[in-house]
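A.B. asks: Model the full assembly from the supplied sequences, consistent with the hints where possible.
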Amino acid sequence: MSSYKKVFGLLLTASLALGACGQANQKGANSEAASSAQTSQTSTQNPESGYPFTVQNELKGQTYEQTFEQSPEQAVSLSGFTTEMLLALGLEDKMVGYAYQDNEVLPEYKEALSKVKELSDQNPSKEVLIASQPDFVTGWTSSFSDKNFPPQFLNDNQMKFYVPLSEAPNATMDTVYQDFQNFGRIFAVEDRANEVIGKMKAGIQPVVDKVKDKKPVTTFVYDSGEDAPLTASATLGTELIRLAGGENVFAGGDKGYATVSWEDAVNKNPDTIIVIDYEQSTPIEEKLDYLKNQSPLKDSEAVKNDRITVIGLSDLMPGVRNVKAIQDLAQFFHPEAFANE
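Heads up: the sequence shown is residues -19 to -1, 1 to 322, going by mature numbering (1 follows the signal peptide of the UniProt record, and there is no 0).
None of these hints come from the bench; they were simulated from the model. Cβ coordinates follow ideal geometry from the N, Cα and C atoms, glycine included. One thing to keep in mind: the hints can contain errors.
Claimed, not checked - So the derived label-pair ranges between C-beta atoms look like this: (1) K91 with T35: 31 to 39 Å; (2) D74 with E266: 35 to 43 Å; (3) E322 with V291: 19 to 27 Å; (4) D190 with Q133: 43 to 51 Å; (5) N286 with Q133: 48 to 56 Å; (6) E317 with T44: 42 to 50 Å; (7) E46 with K107: 16 to 24 Å; (8) A318 with P131: 42 to 50 Å; (9) E39 with L269: 34 to 42 Å.
C.D. replies: Structure (C-alpha cells):
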C-alpha cells in the first residue's frame, strides 16, 4: 500500500469517526441524460441557520428550483455514489432508503448503511418510494426521468430533490467538491463537507504531482457490449484518468457514455484497457474472457502485455472513492513512479 493510501485512509477514517446504472445501455442513458445543476442563495437567507437555500436543477434543458427551509429528515438515495456521499457526511440517521447500489458499499460505511432500508437493486416503484415517506431524493439523473420520478411527481408528493452536477458531461473534481458543498448546505453539515473535501484534496494532489510530467498513457475504457462496445466518453472517469497520468482514447463530446465500433477501438491502439465492473452488468469474468479471447482487441498490445485493470463503476462516479481511483490508476499507468513505495 502506498504512503498516499495510508495517509488518506487514516485521515478519512479518523474524520468519519469524528463526524460519526442499470444495464450497460442504461448506464449510457444515465450519462447521456446527465444534468447540469447550479446553486444559488435566496436573498432572505438567515445568516445563522443558512436557510432558506435554493438549488437549481437542470434536466433536459429545463430548470427546477428547490428551496430548502430546513434540513431534510427522511432522505432517499437512488444511486450508489450518492448513497456514499451522504454516508461520508454522516447522514445515515437522516436516510430512510437507498437503491441502485452498483458496487458493494465501502467497508467503512457498511455499519452505517445497515441502518438504512434497501428499497430496490434498481429504481424502486413509485409506490415503494412513496411508502418510505421521503422528504428528499437524490441519485442518478435517469432516476428523475419521466418514466421514473419526474420533478412534478416528486414535488406533488412533498419530496424535494437534488441532481448531482458531477454526473453531468465533462465534470471535474471541482464539481465533485461542489456537490459535497451543496449536500453540506442542504443538510446543514457544511463543516463536515469541507472536511471531506480537504481530505480528498490531500490524498489526490501528491499523486497528481508524481505523474503530471509523465507522458500520458492511452487507455480504452470498456463498460460492456460485444457487438459494439459501450465506453466512457465525457464522464468524470475521463477526468480521473487524466489526473492519474492517462488519456482516454474516446474522451470528448457531450455524452458521458458512447457506443463506438470495435474498429475504432482497434485503430486507437490504446496502451492499456480499463474494464468497468458493476452489479447490474455482465459478470466481470465474462467481460475479461471476451475481451482477451474473442473481441477484436484480443491481438492488441494492451491485451498481449496484460495491461488491463478492473475498476468499479462507483470508483469512477463522484465521491470519496475518487481518491483511491486516481491513486490506483496512476500506479497502473506509471508503476515506475511508485517503485520505491
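A.B. asks: If any of the earlier hints don't hold here, list their numbers in rising order.
C.D. replies: none
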